[in-house]
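Put together the whole structure using the sequences plus the hints.
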Amino acid sequence: MSALEPKIVAFVCNWCTYAGADLTGTSRIKYAPNVRMIRLPCTGRIDFMLLLQAFGKGADGVIVSGCHPGDCHYTAGNFHARRRWTVFRRLLDFLGVDLRRVHFAWVSAAEGAKWAALVNDVTAQIRALGPYTDFPQRLDGRPQPAEVA
Amino acid sequence: MDALRTKARELLAAGAVQLVVGYAAGSEPGRARPCFVRTPAEADGLIWNEHCRQNLATYLQKPEVRAFGRVALVARPSTLRALLQLAAESQLGEGRVVALFVTDDGAVAELPTLAAIEEAVAQLPRGLTAAEHQELERIAALPRAERWAFWAGEFARCIKCYACRAACPLCYCARCITEANQPQWIPVSSDPLGNLEWNVVRAMHLAGRCIECGSCSDACPEGLRLDLLNRVLAEEVRTQFGAEPGLSLRKDYALASFRPDDKQEYIR
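The listed protein sequences correspond, in order, to chains A and B. Quick note: the first sequence uses this note's numbering, first residue 1, plus one each step. Quick note: the second sequence uses this note's numbering, first residue 1, plus one each step.
Treat the hints loosely; a few may be bogus.
Computed list of lysine to any residue pairs in SDA-like fashion (alpha-carbon distance at most 20 Å, straight line) [claimed, not checked]:
hint, chain 1, residue 1, chain 2, residue 2
1, B, K160, A, K114
2, A, K57, B, A109
3, A, K114, B, E265
4, A, K57, B, V188
5, B, K263, A, R100
6, B, K251, A, K114
In short, the hints are calculated from the structure, not lab data.
Here it is, written out as structure tokens:
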């Protein structure tokens with residue numbers, strides 16, 4: 001992968017999307033290798049801060065995905081997550097964060113093909129947008145020398 | 001002003017409250033500072049004018065104020081809403097507070113119970129004023145790069161003093177996320193990413209709870225327009241979920257509840 005390839009971080013739930021991505025693999029479906037998956041118990045557990053942390057550490061795009069509404073392993077985690085994303089998206093948009101770099105999806109454990117299509121589509125979109133240089137970076141947890149000066 | 005002082009004196013003399021929290025003249029004209037009146041004689045220091053803007057409900061959660069017992073609070077409309085929201089979040093029990101609500105014509109309404117406060121709040125105007133709405137629209141209509149530049153400029157001035165947190169009546173967590181350091185969610189130093197993260201987390205933790213008193217931006221020594229962030233989230237919660245905090249004693253935090261048919265056209 002060349003340095004110009006976009007880095008995409010995917011925050012996914014353990015029960016649906018992670019299993020769905022597993023199915024993509026066992027089904028031998030090829031998809032863009034740009035995505036780094038981070039498995040969390042539930043979409044309800046995905047703090048909006050994680051998205052900022054991903055961008056701050058150099059992600060060019062973020063995917064958040066979990067069980068379809070009604071299918072949550074914990075009954076209602078994804079319903080709560082959905083409300084949180086709705087207001088968080090509005091805040092990001094108001095702040096001028098590029099919403100084309102933040103993608104939300106429902107991918108069930110049976111939707112291996114949907115996962116591959118999603119990742120391919122998001123990767124293509126973000127590749128077209130180029131690296132996300134607007135966002136302040138923190139590579140080692142400390143302010144960069146240029147910022148201190 | 002006289003009505004306020006008389007009422008405060010009466011309440012303290014009768015032993016109905018042990019403390020009156022109100023406003024006193026500040027260090028210079030055009031400023032007011034909070035004032036804690038413990039005896040009827042001290043009530044003469046109370047003032048009321050257009051500079052009395054700080055939301056005094058903030059002080060109710062302080063252990064020093066709790067130690068007094070029952071407290072009377074000089075209240076603006078947003079103070080009443082803060083009290084209701086605190087009660088709805090189980091942070092304020094019945095009998096702890098008497099609100100001294102100063103109406104537009106300078107009269108003082110004594111609201112001794114949460115139910116009385118709820119009734120008074122029901123009479124207040126709701127929603128954004130035309131000017132507030134226009135301001136949100138103006139920023140939202142800017143091209144994305146300009147919006148980003150505007151907020152980057154605002155956050156660049158943030159010095160992480162957390163005055164916004166201290167001034168907020170609903171930022172009462174004994175241990176805030178900023179104090180969590182394993183992992184360190186919000187960096188201690190004031191760097192661009194950390195400033196962005198702090199201001200986003202502050203706004204998000206108040207989404208669906210903020211009663212839009214504007215104390216955060218009033219308290220900000222750098223004059224950041226933090227109230228805009230809260231307002232845009234309040235507006236979103238209002239339009240998407242039909243929820244408005246601080247209007248009733250009902251527990252209905254919009255982000256801790258849901259409807260199966262909530263909007264989701266942005267989710268694939």
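Given hint K114/A paired with K251/B - CA-CA distance at most 20 Å: 39 Å, violated
Given the hint that K114/A pairs with E265/B, test it: the Cα-Cα distance must not exceed 20 Å. 17 Å, holds
Proposed proximity, A109/B with K57/A (alpha carbon, max 20 Å): 54 Å, violated
Distance restraint between K57/A and V188/B, which requires alpha-carbon spacing of 20 Å or less: 17 Å, holds
Assess, step by step, whether the Cα of K263/B is no farther than 20 Å from the Cα of R100/A, and give holds or violated. 19 Å, holds
Between the alpha carbons of K160/B and K114/A, is the straight-line distance 20 Å or under? 43 Å, violated
Taken one by one, the earlier hints fail for this structure at numbers 1, 2 and 6, listed in ascending order.
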